[in-house]
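Fit chains B, C, D and E to the supplied structure of chain A, relying on the hints for placement.
Residue numbers (the working numbering), protein chains in the order written: chain A, 1 to 182; chain B, 183 to 283; chain C, 284 to 946; chain D, 947 to 1477; chain E, 1478 to 1976.
Please note that the accuracy of each hint is not assured.
What the hints assert, rightly or not - Pair by pair, the computed Cβ-Cβ distance ranges are:
hint: 1; chain 1: A; residue 1: I60; chain 2: E; residue 2: G1546; range: 43 to 51 Å
hint: 2; chain 1: E; residue 1: T1493; chain 2: D; residue 2: G1150; range: 43 to 51 Å
hint: 3; chain 1: D; residue 1: R1429; chain 2: C; residue 2: H750; range: 39 to 47 Å
Stated by the list, open to error - Part of the chain B face toward chain E, derived, beta carbon under 8 Å:
hint: 4; residue: P185
hint: 5; residue: L190
hint: 6; residue: V213
hint: 7; residue: I221
hint: 8; residue: F228
hint: 9; residue: V258
hint: 10; residue: I262
hint: 11; residue: P275
hint: 12; residue: I278
hint: 13; residue: E280
Simulated from the structure, these hints should not be mistaken for laboratory data.
Here a beta-carbon is modelled for each residue, glycine too, at the ideal position from N, C-alpha and C.
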Amino acid sequence: MNPGELICYILAGVVVISALVVVLTANLVRSVFLFFVTLFALAGLYVFSLADFVAVTQVIVYVGGVLVLMLFAFMLSNKELLNSLRQPAAAKLSMLTNIPAGIVAAGVFTVLAISTKGLQLAAPSGMSLFPAGMLNAGDNTIHLLGVRLMTNYLLPFELASVFLLMALIGAAHLARKGKEST
Amino acid sequence: MIPLEHYLLISAALFCIGLYAVFTRRNAIQVLIGIEFMINAAVINFVAFSKYDKAKLGGQVFALFAIVLAAAGVAVALAIILNVYKYYKTIDPGKIDELRD
Amino acid sequence: MLACGAAVIPLLGAIATYTFSKRNRGSGIAIAGSVLTFVLSALVFYTTWDHTAIHRQISWFTIGDLTFTAGVLLNNLSVLMLFLISGISLLVHIYSAAYMKLDPRLPVYWTCLGLFCFSMMALVVADSLLLIYLFWELVGFSSYLLIGFWNTRQAAVLANKKAFIINRIGDIGFLAGIMVLFSQYHTLDLVTLFSDHGLVASSPRIGGVWVGATGQLSQAWLTIAGAVFFFGAMAKSAQFPLHTWLPDAMEGPTPVSSLIHAATMVAAGVFLLVRVFPLFDQTVLLLIASIGTFTAFMAATIALAQHDIKKILAWSTISQLGYMIAAIGMGSPESAMFHLATHAFFKCLLFLSAGAVIHELQHHYAKSGDTTDPQDIRNMGGLRKKMPVTFIVMTIAALALAGFPGTSGFLSKDAVLVSAFGWGAAEQNVFSVIPYLLFVTSLLTAFYVARLIFKVFFGPAGQEELHEAPAPMRWPMIVLALCCLFPLFSVNPVSFESAWIMAGFYLNAVEAGAYHTYVPVLVSLGGTAAVFFAWFCYGRNRSGNIFTDKGMLYRFALNGWYFDKLYLAVFVKPVVLLSRILFGFDKKVVDGLVNAVGSLGLSLSAVSRWTDRYLVDAAVNGLGSISKTIGNFTRNFQNGRVQYYLLATVAGVLLFFMFTYFL
Amino acid sequence: MNLLSVLVFSPLVAGLIVLVLPASLQSRYKYVALAATILQVLLSVLVWVRFNPSLGGVNNEHTLQFAEKLSWIQLNVGGDSRLQIDYFLAIDGLSMPFLLLTSLVMFVAVLSSWEITTNLKGYFALFMLLDTAVMGVFTAMDFFLFYLFYELMLLPIYFLIGMWGGVKREYAAIKFFLYTLFGSVFMLLIMVGLYFSVQDPLTGDHTFNMVHMMNPANYVDGSLFAKFSGQLLLGIPARSLAFIVLFVAFAIKVPIVPLHTWLPDAHVEAPTPVSIVLAGILLKVGGYGVIRICYSIFPEAALGYAWWIGLIGVVSIIYGALNALAQRDLKRLVAYSSVSHMGFVLLGIASVTAEGISGAMMQMISHGFLSVMLFFLVGVIYTRVHDREIANFRGLSQLMPQYTFFIMVAFFASLGLPGFSAFIAEAFSLTGAFKSAGVNGLIPRWMALGGSVGILLSAAYLLWTLQRMFFGQLRLSGGEPWRLLLTDVTIREKIALVPLAAMALLLGILPGVVFTQINTSVLDLVKLVNP
Amino acid sequence: MDQQFPDITGTFSAVTGGIRYLMPEIALVAAFLLGVIIDLFFSRRFRHAVLICAAAGLGAAAWLTLAAGDDLPADPLFYGMIFSSVFSNVFKLVFYGVALLFLVLCFFNRQLQQHAKGTGDLYNILLVVVLGMSFMSMSINLLMVYLSVEMVSVGSYLMVGYISGNSRQAEASIKYALFGGACSAIMLYGISLIYAFTGTLDLGEIMVRGLENVPSLSSATAITLVLAGIGFKLSFVPVHFWSPDVYEGAPTPVTAFLSTGPKIAGFALLLIFLMTFFVAAEGHRFFDFKNTISVIAIMTMVVGNFSAVWQDNIKRMLAYSSIGHTGFILMGFVSLDHGGFRAMFFYVIVYALMNMAAFMLADYVEQRANAVTATGYAGLGKRFPLAFTIFVVVLISLTGIPPTGGFIGKLLIFSSVWGQYRATHALLPLAMLITGAVTTVISLFYYLKIPLNAWLRSGDTAVTITTKNGLLVYTAFAIMLILLAVGIFPQLITAYLPG
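Only chain A is shown next, with the shape it has when bound in the complex:
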């Protein structure tokens, strides 16, 4: 096991553990903070998968955008935050009611694990068809991505812009106060 792999596993461990804490903790502040950690660890994993641009995007978009938004939302509904901080009895009971959810989630995990275990995926079947082969550590993925986005993925790219505009307009509409409303 080389250091790279070790770091990979550590990152993976961080991802899973922090995610678990995010999900299980009753403390909302801790949960949001650990979400932050998970996202960073994920970005690290992406880097190790030779997807540096994706990792950067992850950090910028998630940490810079999503997380900030969420914090705003928390603050805007801070009463709720406080409420959920002190509800130990409810939390205990919710543990009980969460058991079926846990079973289902575990079931899904089992199915996923079984269906992905032992696959000979060193080179997925379809991929050998591509002459360009595997990505190497030295490749300029940003360059490659740029070219792809302007050729193969031009249509989705443009469409995404329309989509974002709509999301912007819509979210703004929902959030803003009415012109004539009092």
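Positioned in the frame of chain A, the structure of chains B, C, D and E alone reads:
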């Protein structure tokens, strides 16, 4: 480089953690976080397998789109959650149950 | 042609009276019509009697390959009946004109009477069983109308309902007989079926199989066919056990009783049996003879105890019909027909006389505001001085009924009894009692009719201002009285064999032998003795009564052997009860079942809703709901929680997936 | 334009006219409807006159009369099949009498619609729609078209009962609708299955043409409903299952015990004109469907189940009659008597003899006239005092002599008094049933005898009713007000009643009027079913 | 770079060459952009400017689609992103039609028109949603699939929560957003697995072969997850839970739109997805689509119809009924090669029409008499005779009784399933047939509630009647006429259907 199966396993774990969050968290924003976990689980797969797809780089592109779309989705969802908060003074999805059989 | 005319005129008369009844109340038209009918019938009778039978038919309708015909068959049997019916009906029409004069619904009466005459005459001339059945029912229908003519009287409407329904029971038998014959021979034409070389006569019975022209049936069906025809006749001719309607039918106007329930309609059963006579095999004949004899005897005993003048006559009618039926059963249809003809006259006359008495008494009571029953013989007496003509004619009729020499009844009753003894001699078993029973019955007959006469006309007079019935009522009675004497039927007052009716019907000669001489003598002597006995009981002093009112036998007889009660308990009530039960069943069970199927939709959706609400949620909260702390939570288990939706969804997909791939 | 098309669609036109007429002319709507029905009566008489009774029809397209066949829907549904649906109207002896029956009954129903006072526009529009649908059912020779009209009958009836009905009208209307739809949805399935099994011999396309469906040669080899493929469907031979499903669908309409329970409710709650149509026509649609579709298309299944059908017939006869005996409501009594009388139809049909089927046809027609008369008469009383309890009336004959006359005619006619049509009909249904054992051995003789008990029972309940309601001393539970309200029949009512009574009488005395027209077809049908 | 793109001009021309097949979509985008600008600057002066703009855009798109006619590309466009075919054109026309009807509904909806924040954004969002639906019907690449589904989904959340005038609308929108977010995440994960197993995002033979190479369990897992995502759009069982709540809570025009447009887009997507597997590799062994969809169809019909029976709220009832119809249409997917194509297309078109009409009338009644429940409809028939007459015909069509388009649709579906049964003699098609028949009867229970209450019962007379918007009824009337015409002459539609 860790084996691809391990990536799949990690992503599966993250997916299920997200799923669990979606099922159980009593705060709409945490449910959203769960959804983000699920999306990120998919992103792990895309990114990991994108290594073999140098020609099209479909995985990475998809990952980018997924992240961006997720962000937009979160923005909209948060706007909606704030609206809900306005009426219900709570964002516990379990308590928002006026509409039911 | 003439026969058709004779048959149709009453119908036209009926329609005419109904249509033009406003002005002259219809009596004129009705009587004119019936005169015309009588003249035509007489002509037909004159031209056809003892000539070759006339058979005219037209195609009526076609079903499948078979064409049904409608037509007339005029042979001795039908023209005799035709003549008889038209004659009596003419007299009854005239009588009715006076009897019913004051009734507000007289036109309706004429219409119904006309309808009856039409159906009765059509019945006798019809040439196919289908037509006979048709008119058979119409006769029943018009009888229904006439019995219930005074339809505001509860008893009358109950009686006509009873009459019709019991007749219907018989009709089913008739219909069943038609079905058997039709499926066997594919025709219902009387000539084709029953003539000497007709299908019935020529179809062999081989080894238990009854081979017909177009099919074959087990021989049991032959017996059944005969039995069901007899069953039909039983109802119409009021034979045990379908006799109970006739006494009740006396609720109708008396002329109706006399025409329909004494002279004509009830004879239709006898007529039918004579028509289909070749069909009967030994078993059926024996059955017919037994039933007829039993009915004759039973009705006579019942007649002994009745108080209502018309009821006595009604039971007597049943008894006499029993004679005729028995005669047929004993293979002597000619004597049955003979007795039918004579009986028609004297019984009609008896009724008309009774009607005259009732009519006068009713007037009397109506005037004095008395509510005494004008029909109860216990309230009568000494009328011979007030109504001498009635007395005389009724006595003649009574003598005829009792079978005294010199009357027509003597001839015909002898004919029946002689043939009975002749037949009985051949029988070795218990059936040989039949002739003796008939003989006893004739004695009983003499007794009860004497009782009637003595009670009504003798003894002290009770009522003061009674007088003879009006002329239109008197004259028909006188004419009928003349017809009750022997000359009309036979030049020889003692030999029934010289009667022209018998001669006209010699279907098969009876070996009478010695019975021919001593039976008439015995009947006459016995009858005389019975009359004297009656005189002893009722005529001389009215206190003497061999039947105590308390006696069990007496009550048994008075109530007609309790058949009405029996039927009510055994048939009517259970059927009504069954219908109630079935209706309850229909409402609760059938409808409920179907509703259940219908609401299966609802219940299924309840299941799915239940599943949605409890199963899914319970799966979600499954373990939690086991714990008792969950009580507070139950209201949160309701739907409407998006996370549960998601959980259910994923669980559903997961389950589905696992079922598909792991099981 | 073809006579049949005019016959079918003229009421629809009248309905549209009613719809577009302004509400200010509300009181005139009924005259529009009346005119349409009179026109229909005239047209159907014309059809009757021009009908050639020597042509059989049934399964021979060339001997169908007044045929109009237009290509209607040609759908390429992909795969190997093309949907070929024709606008195919024609009649033969089996349908022709129903045209006259329908038009006459509709005429009477419109006359009895005078009692309707609310929402006239909707009422007459729906009524005319119903008229069109019924006419269509009797003339359609394409299964698809038949089904179309068949379903089209549902909705108007639903609303007519539901909107203008009695107290429990909702329940009755829904019950009726669900019952019938339940049958017809499965009919649809069988219809589609049949369509896949049958090919037009000329074009080779799959077809809904009923005449083609009757010919075993037109079935695709090995297809589900091919006669000799012997395929199983849910463990039952496919053709038998199809027969059962179709039979149940139609039998619900007939109705048979135990699927009859919609009928008393529907009748009791329906307004008089709708009762009239229900009893007079819709029940016949069931019988007609059994003959036209079940028996003609699945003859061997029909023969196989003849025993059961006969049994159902007998049970219906007796069960319906016994139930009628228990009724206290006059209309319900009449409704149950319908169940009983329609039992004869099944018994006659089950026998597959010329007599039986002719008797069944006659019974349908006769019952058409008589039940209409009965319901009309019940309606007369009901409109006067809004009560139908038998026990609340007594001695009506004194108050309403003419009414009593009509009701006696109706009662006696329907209890099978000779001289009226019901007698011929019942006698021949039973005779056919009896004969069947000797001819084709389909149903045992006791069934015919059992059925004849129904005749007795019908006499019992009808006479009992007569005695209770009309005879005896006058006594009304409503007292003096009722005495004033219960006036005798009016001219309009007589106009409605007289033709019905006349028809019943005419057909009773001259049954040949009907038998001649249907005879060839009946023979052909018998030959088709039991070659 | 050059070694990867030897012919950069060719690449660009390949991209630009596809543009001419995207004219309708471009029209939509143009209208969207124009609408945004109009909304910003002119909406105060011209209240309905954006509406007109959106309508013009939709009209133009529809016209362009029609005008393109047979001018269809032979190959996929944009490097295998989309494929424009007759199928997609039909679907697109349905979408545009539905969207136009939606605009009509919006125009007459008081609640929307009085919305404080204006309606302009709604129309703009609508255009993007329609754009997304367009692409859903054309996508043959999983990225495009995901993107277009997200466009439709997010747009739909916005539309549902657009007014947020009361708690119910807010609740509906959050439920929709959370459920939808989770479902799209699940679908995304499924897509990622497919990508992991096959290395390609193109829906085509390579993907199918790639899925064959991994154990069937693995491919089945991936496909199941994707199907669950598609199922969210279709709201079939068991992914249907959201729809009753959302349909009930959303503004009626939005409900009308959601129950038709996106749902039909979901069908288009399912069709593409299935065709990939049916066409590319007959007899692949890793997933039994037919049986799965059969079972889903049966369950969906049962759940939808049976649950609807209990509903009193009209919109909720129609929501369940639309679940039932989904199940019915799914039957057509099972028997695609036995006429299911046409049947499905026909049914979808008729379904769109009748559902829109039903919601239009529900909206009309809601606005004029303030009645939203079946019991609240009591006695209204006599007050709005025309509206309820139309309603009855529409409901008859929804039930599938002749002579309406709904009946023909049902007939065609039944026919195709019979065809399927004939070919396979399997139990499931038969079970589907019987379920279809039974649930048709069941559906009558609830559809009948409306005429039952409106016509057969009498309600309180004190119903406040406000605003006259007859045009809505006349639009519904026109739809009714179309339904009847189609019921009697189905060629009117079938003549133009592919398959």
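Structure-based check of each hint:
1. A:I60 to E:G1546: 43 to 51 Å: Given range 43 to 51 Å: holds, Cβ gap about 46 Å.
2. E:T1493 to D:G1150: 43 to 51 Å: holds (49 Å)
3. D:R1429 to C:H750: 39 to 47 Å: Distance hint for R1429 (chain D), H750 (chain C) holds at roughly 41 Å.
4. P185: violated (13 Å)
5. L190: holds (7 Å)
6. V213: Where the cut-off is 8 Å and the nearest Cβ of chain E is about 6 Å from V213 (chain B), the hint holds.
7. I221: holds (5 Å)
8. F228: holds (5 Å)
9. V258: Hint holds; V258 (chain B) Cβ to chain E Cβ min 5 Å, cut 8 Å.
10. I262: holds (5 Å)
11. P275: With a minimum Cβ separation of about 6 Å from chain E (threshold 8 Å), the hint on P275 (chain B) holds.
12. I278: holds (5 Å)
13. E280: holds (6 Å)
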